[in-house]
Amino acid sequence: MINKTVKNAREAVADIPSNCMLMMGGFGLTGIPENCISALLEKDITGLTIVSNNAGVDDFGIGLLLKKRMVKKMISSYVGENAEFERQLLSGELEVDLIPQGTLAERVRAGGAGIPAFFTPAGVGTEVAEGKESREFDGKMYLLESWLKADFSIVKAWKGDTAGNLIFKGTARNFNPIMAAAGKICIAEVEELVEAGELDPNQIHTPGIYVQRIFQGVNYEKRIEQRTVSK
Amino acid sequence: MINKTVKNAREAVADIPSNCMLMMGGFGLTGIPENCISALLEKDITGLTIVSNNAGVDDFGIGLLLKKRMVKKMISSYVGENAEFERQLLSGELEVDLIPQGTLAERVRAGGAGIPAFFTPAGVGTEVAEGKESREFDGKMYLLESWLKADFSIVKAWKGDTAGNLIFKGTARNFNPIMAAAGKICIAEVEELVEAGELDPNQIHTPGIYVQRIFQGVNYEKRIEQRTVSK
Amino acid sequence: MLTKDQIAQRIAKEVKNGQYINLGIGIPTLVANYIPDNLEVVLQSENGLLGIGPFPTEDQIDPDLINAGKQTVTMAKGSSLFNSAESFGMIRGGHVHLTILGAMEVSENGDISNWKIPGKMVKGMGGAMDLVASADNIIVAMQHCSRSGESKLLPECSLPITGIRCVKKIVTDLAVLEISPAGGFILKERAPGVTVEEIKQMTAGKLIIEGEIPEMIF
Amino acid sequence: MLTKDQIAQRIAKEVKNGQYINLGIGIPTLVANYIPDNLEVVLQSENGLLGIGPFPTEDQIDPDLINAGKQTVTMAKGSSLFNSAESFGMIRGGHVHLTILGAMEVSENGDISNWKIPGKMVKGMGGAMDLVASADNIIVAMQHCSRSGESKLLPECSLPITGIRCVKKIVTDLAVLEISPAGGFILKERAPGVTVEEIKQMTAGKLIIEGEIPEMIF
Numbered sequence: 007m008i009n010k011t012v013k014n015a016r017e018a019v020a021d022i023p024s025n026c027m028l029m030m031g032g033f034g035l036t037g038i039p040e041n042c043i044s045a046l047l048e049k050d051i052t053g054l055t056i057v058s059n060n061a062g063v064d065d066f067g068i069g070l071l072l073k074k075r076m077v078k079k080m081i082s083s084y085v086g087e088n089a090e091f092e093r094q095l096l097s098g099e100l101e102v103d104l105i106p107q108g109t110l111a112e113r114v115r116a117g118g119a120g121i122p123a124f125f126t127p128a129g130v131g132t133e134v135a136e137g138k139e140s141r142e143f144d145g146k147m148y149l150l151e152s153w154l155k156a157d158f159s160i161v162k163a164w165k166g167d168t169a170g171n172l173i174f175k176g177t178a179r180n181f182n183p184i185m186a187a188a189g190k191i192c193i194a195e196v197e198e199l200v201e202a203g204e205l206d207p208n209q210i211h212t213p214g215i216y217v218q219r220i221f222q223g224v225n226y227e228k229r230i231e232q233r234t235v236s237k
Numbered sequence: 007m008i009n010k011t012v013k014n015a016r017e018a019v020a021d022i023p024s025n026c027m028l029m030m031g032g033f034g035l036t037g038i039p040e041n042c043i044s045a046l047l048e049k050d051i052t053g054l055t056i057v058s059n060n061a062g063v064d065d066f067g068i069g070l071l072l073k074k075r076m077v078k079k080m081i082s083s084y085v086g087e088n089a090e091f092e093r094q095l096l097s098g099e100l101e102v103d104l105i106p107q108g109t110l111a112e113r114v115r116a117g118g119a120g121i122p123a124f125f126t127p128a129g130v131g132t133e134v135a136e137g138k139e140s141r142e143f144d145g146k147m148y149l150l151e152s153w154l155k156a157d158f159s160i161v162k163a164w165k166g167d168t169a170g171n172l173i174f175k176g177t178a179r180n181f182n183p184i185m186a187a188a189g190k191i192c193i194a195e196v197e198e199l200v201e202a203g204e205l206d207p208n209q210i211h212t213p214g215i216y217v218q219r220i221f222q223g224v225n226y227e228k229r230i231e232q233r234t235v236s237k
Numbered sequence: 199m200l201t202k203d204q205i206a207q208r209i210a211k212e213v214k215n216g217q218y219i220n221l222g223i224g225i226p227t228l229v230a231n232y233i234p235d236n237l238e239v240v241l242q243s244e245n246g247l248l249g250i251g252p253f254p255t256e257d258q259i260d261p262d263l264i265n266a267g268k269q270t271v272t273m274a275k276g277s278s279l280f281n282s283a284e285s286f287g288m289i290r291g292g293h294v295h296l297t298i299l300g301a302m303e304v305s306e307n308g309d310i311s312n313w314k315i316p317g318k319m320v321k322g323m324g325g326a327m328d329l330v331a332s333a334d335n336i337i338v339a340m341q342h343c344s345r346s347g348e349s350k351l352l353p354e355c356s357l358p359i360t361g362i363r364c365v366k367k368i369v370t371d372l373a374v375l376e377i378s379p380a381g382g383f384i385l386k387e388r389a390p391g392v393t394v395e396e397i398k399q400m401t402a403g404k405l406i407i408e409g410e411i412p413e414m415i416f
Numbered sequence: 199m200l201t202k203d204q205i206a207q208r209i210a211k212e213v214k215n216g217q218y219i220n221l222g223i224g225i226p227t228l229v230a231n232y233i234p235d236n237l238e239v240v241l242q243s244e245n246g247l248l249g250i251g252p253f254p255t256e257d258q259i260d261p262d263l264i265n266a267g268k269q270t271v272t273m274a275k276g277s278s279l280f281n282s283a284e285s286f287g288m289i290r291g292g293h294v295h296l297t298i299l300g301a302m303e304v305s306e307n308g309d310i311s312n313w314k315i316p317g318k319m320v321k322g323m324g325g326a327m328d329l330v331a332s333a334d335n336i337i338v339a340m341q342h343c344s345r346s347g348e349s350k351l352l353p354e355c356s357l358p359i360t361g362i363r364c365v366k367k368i369v370t371d372l373a374v375l376e377i378s379p380a381g382g383f384i385l386k387e388r389a390p391g392v393t394v395e396e397i398k399q400m401t402a403g404k405l406i407i408e409g410e411i412p413e414m415i416f
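Here the protein sequences line up with chains A, B, C and D, keeping their order. In terms of the working numbering, the first sequence has 39 at position 33, counting the first letter as 1, and numbering is strictly consecutive. In terms of the working numbering, the second sequence has 71 at position 65, counting the first letter as 1, and numbering is strictly consecutive. In terms of the working numbering, the third sequence has 310 at position 112, counting the first letter as 1, and numbering is strictly consecutive. In terms of the working numbering, the fourth sequence has 348 at position 150, counting the first letter as 1, and numbering is strictly consecutive.
Everything labelled a hint here was simulated from the structure, so no lab data went into it. Values in this document were obtained by computation on a predicted structure and should not be read as measured data. Even glycine gets a Cβ: it sits at the ideal position worked out from N, Cα and C. Be a bit skeptical, because a hint or two may be false.
What the hints assert, rightly or not - Each computed DSS-like pair below joins lysine-lysine, with the alpha-carbon atoms no more than 27 Å apart:
(1) K165(B) with K275(C)
(2) K190(B) with K146(A)
(3) K175(A) with K165(B)
(4) K321(C) with K138(A)
(5) K214(D) with K13(A)
(6) K314(D) with K146(B)
(7) K165(A) with K175(B)
(8) K314(C) with K275(C)
(9) K275(C) with K386(C)
(10) K237(B) with K202(D)
(11) K321(D) with K73(B)
(12) K366(D) with K146(B)
(13) K78(A) with K314(C)
(14) K321(C) with K74(A)
(15) K146(B) with K367(D)
(16) K165(B) with K175(B)
(17) K78(B) with K49(B)
(18) K165(A) with K165(B)
(19) K202(D) with K318(D)
(20) K275(D) with K228(B)
(21) K73(A) with K314(C)
(22) K367(D) with K202(D)
(23) K190(A) with K214(D)
(24) K146(A) with K367(C)
(25) K228(B) with K398(D)
(26) K237(B) with K321(D)
(27) K165(B) with K146(A)
To be verified - The calculated label-pair distances, taken between Cβ atoms and stated as ranges, are:
(28) S140(B) with P234(C): 30 to 36 Å
(29) P316(D) with S140(B): 19 to 25 Å
(30) D203(C) with G137(A): 41 to 47 Å
Using the sequences provided together with the hints, build the complete structure.
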């Protein structure tokens, strides 16, 4: 199989231009592409639209891109832990499109799977339903929602191989596999990169067909938002 | 977690009544629930509607249920290797609903995932489109297709645990995971049943939430339809 | 009046053996502490885990294993991991039997508001809209009144809605109430020491009182 | 006139490095034998395998590992396994670059018929309708004429359609042809020893001949 390895994050994100649409995996700070976020920070681009369940915190994750004013719009389900985000939003510098988490996940999944639209019950009777087609099936109301696709999707996996196959760990999986499939170009950073053939085909979470570039990341911080321990 | 183990196939299918809707995993003869098919054959029921990609062969798989006239209707994508099937169909004893394989898979997936309808490009301009709503998205035409659900889904896995978690092997996975989620009651037969906690949570293909009954099957024949070897 | 822990404890009595349950942030998270040991239930976390275990000890902490409230967790025996689309497929598909979540307001026809206050920073609905639109059984854990003493059980929600006609039962610091299919809060139980009259005063929506209202038993 | 193997061999020249390819049953399956060793491509089987390897030796046979034609196969290095919904998600989502399949008829606007003959037992469309509705590049491998000598390249398909306006290129025993976006079969190459005049006679649909038509090179 063709070798999809690139040298590092800088090479992986080199051609990401201003004003494009990015998807970034992760839930909270878990499973976020730390290396690619750092590499994006070094680039002189702005006007990004980012699809990500959350928006990071002030000094980590997508919060860093916000602080550098690289982001025009966030498409997320929950953005609550970020003061700079709040400031930019209230000042009108930043747009935000808030989407129910399951609808966000399904829209991304639909983007990767070639389903342009689908019906879902989430948001019926709420402001999320405004302007959307609704329809009854078996006595229950549903909203028509459309697919989400991106120019680039950037995901973080635990293990990967040179053919682009990915295995995630724990709840760091979250949006990563569905976003991998929904980006025209998918960039995957992994903690451990092995040769094609070393991963069990039966255990692959994301088949390599979805991944265009892969590299082994360095220095993962894996910051914890809510360190909670048993007493 | 609650123990979902039943003794054997006979106990697992005991309450399956006449005239209900069944889903059965498998592609060709690979990954079919051999034990449950045998147990169904012992039951005095008729009028079944079976959702399965194929209809088995004359003397194996779903073909055995057809031969015993237990089946009223097949919902499948390809039914080509079965002379008795052909006879019953031509004589009007059997109904068949032929569905593009990807649409069948997505309708089953939608049934399990609470999506009542979705748009897909398969079948546009063909007789499959007759009577269906069509709509253009980004310059391409799509058909509206609805979810498929069943009273019982019967699947076959490689390994399973008492909590109902399943791991499949090779291409015996096929329709099994999506059907597991689309049955009101899912019965899983597995080659190896272990205690909850023995399977790696990261490697589960079908989470136990979808499975209501599980047992370790016996005497798997795993018949091969097209034994093809390298010269 | 019940403490938050007592609300959680009372809700735990609603849990049935074999259920798959999604617990929201706040009081609902506390419910896990009161589920009787003889019940085998599975807790779902919508970020991709079935079978949430106890919080980890210091040396068990894994940053790659968190719940939907972003707290570090462990995995129970027999758990499984999956992606966000599969997780919400589970929820939407009705496989999760019970959802317990907090609310700012509930209306007498079962509408719930819990995601947005006009004029305040909007953080987003997270998975709440999917959960309330999907689960067959939804129990709300909340204070009966706001800090300023106003009833949160209303004829109609005043805040933006999260979901319509979805709440089945409410456990507050004052009472256990069910939503009548015809509309109205059916008073089922009183908190210890709280009178029916007090509950009446604190409930702005239609309150249905049939027969003697027993005190809660824990 | 080309043999079936030669048709497969000619089609193999269309394959580009790094492509993900779905090969249908019949002649398309043979294409795998002619893909140059210096090209790294991945073959997809819609029953849930990326990276089809060679047919197994007797002792490698695994009944749990078959292709969409139900033949026993092996896995190539770096392959992956998945369920049928994921597999067709891959196909519909445009991730498979090239689909090669057989046909009973192709029309001059790129419609294809390959699943049903009225009056004969209908076996079903399998994955063909999904494949032709999804792939950006679809190449048809077929005989130019039926056994009774009638052209299978038509103004309009006479048989029930599998997909509309989807075929990009056709390789027959007589010629290589492309579908013109405006309609019509653009003759690109002749089989060795076959004249343009012969192809003209065997093509019922509009045939577009521009300049010299070279013979195929293998």
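Status of each hint after checking the structure:
1. K165(B) with K275(C): Roughly 16 Å separates the two Cα atoms, so the pair holds.
2. K190(B) with K146(A): Holds - the C-alpha atoms of K146(A) and K190(B) are around 18 Å apart, at most 27 Å.
3. K175(A) with K165(B): Roughly 20 Å between the alpha carbons, so the hint for K175(A) and K165(B) holds.
4. K321(C) with K138(A): 22 Å, holds
5. K214(D) with K13(A): Holds, because 24 Å separates the two Cα atoms, which is no more than 27 Å.
6. K314(D) with K146(B): 25 Å, holds
7. K165(A) with K175(B): Holds - the C-alpha atoms of K175(B) and K165(A) are around 20 Å apart, at most 27 Å.
8. K314(C) with K275(C): 37 Å, violated
9. K275(C) with K386(C): Judged against 27 Å, a Cα distance of about 36 Å means the pair is violated.
10. K237(B) with K202(D): 19 Å, holds
11. K321(D) with K73(B): OK: K321(D) and K73(B) at ~18 Å, within 27 Å.
12. K366(D) with K146(B): 16 Å, holds
13. K78(A) with K314(C): With a Cα-Cα distance of about 23 Å, the restraint between K78(A) and K314(C) holds, given a limit of 27 Å.
14. K321(C) with K74(A): 21 Å, holds
15. K146(B) with K367(D): 20 Å, holds
16. K165(B) with K175(B): Within the cut-off at roughly 8 Å; holds.
17. K78(B) with K49(B): Holds: K78(B) and K49(B) sit about 15 Å apart, inside 27 Å.
18. K165(A) with K165(B): 23 Å, holds
19. K202(D) with K318(D): 25 Å, holds
20. K275(D) with K228(B): Holds: K275(D) and K228(B) sit about 25 Å apart, inside 27 Å.
21. K73(A) with K314(C): Measuring from Cα to Cα gives roughly 25 Å; hence the hint holds.
22. K367(D) with K202(D): Satisfied, since the Cα-Cα distance of roughly 17 Å is no more than 27 Å.
23. K190(A) with K214(D): Holds, at roughly 19 Å.
24. K146(A) with K367(C): 20 Å, holds
25. K228(B) with K398(D): Given pair K228(B), K398(D) is violated - Cα atoms ~50 Å apart, limit 27 Å.
26. K237(B) with K321(D): 30 Å, violated
27. K165(B) with K146(A): 37 Å, violated
28. S140(B) with P234(C): 30 to 36 Å: For P234(C) against S140(B), whose Cβ atoms are near 54 Å apart, the range 30 to 36 Å is violated.
29. P316(D) with S140(B): 19 to 25 Å: Roughly 24 Å apart at Cβ, these two residues keep to the hinted range, so it holds.
30. D203(C) with G137(A): 41 to 47 Å: Given about 43 Å between the Cβ atoms, the range holds.
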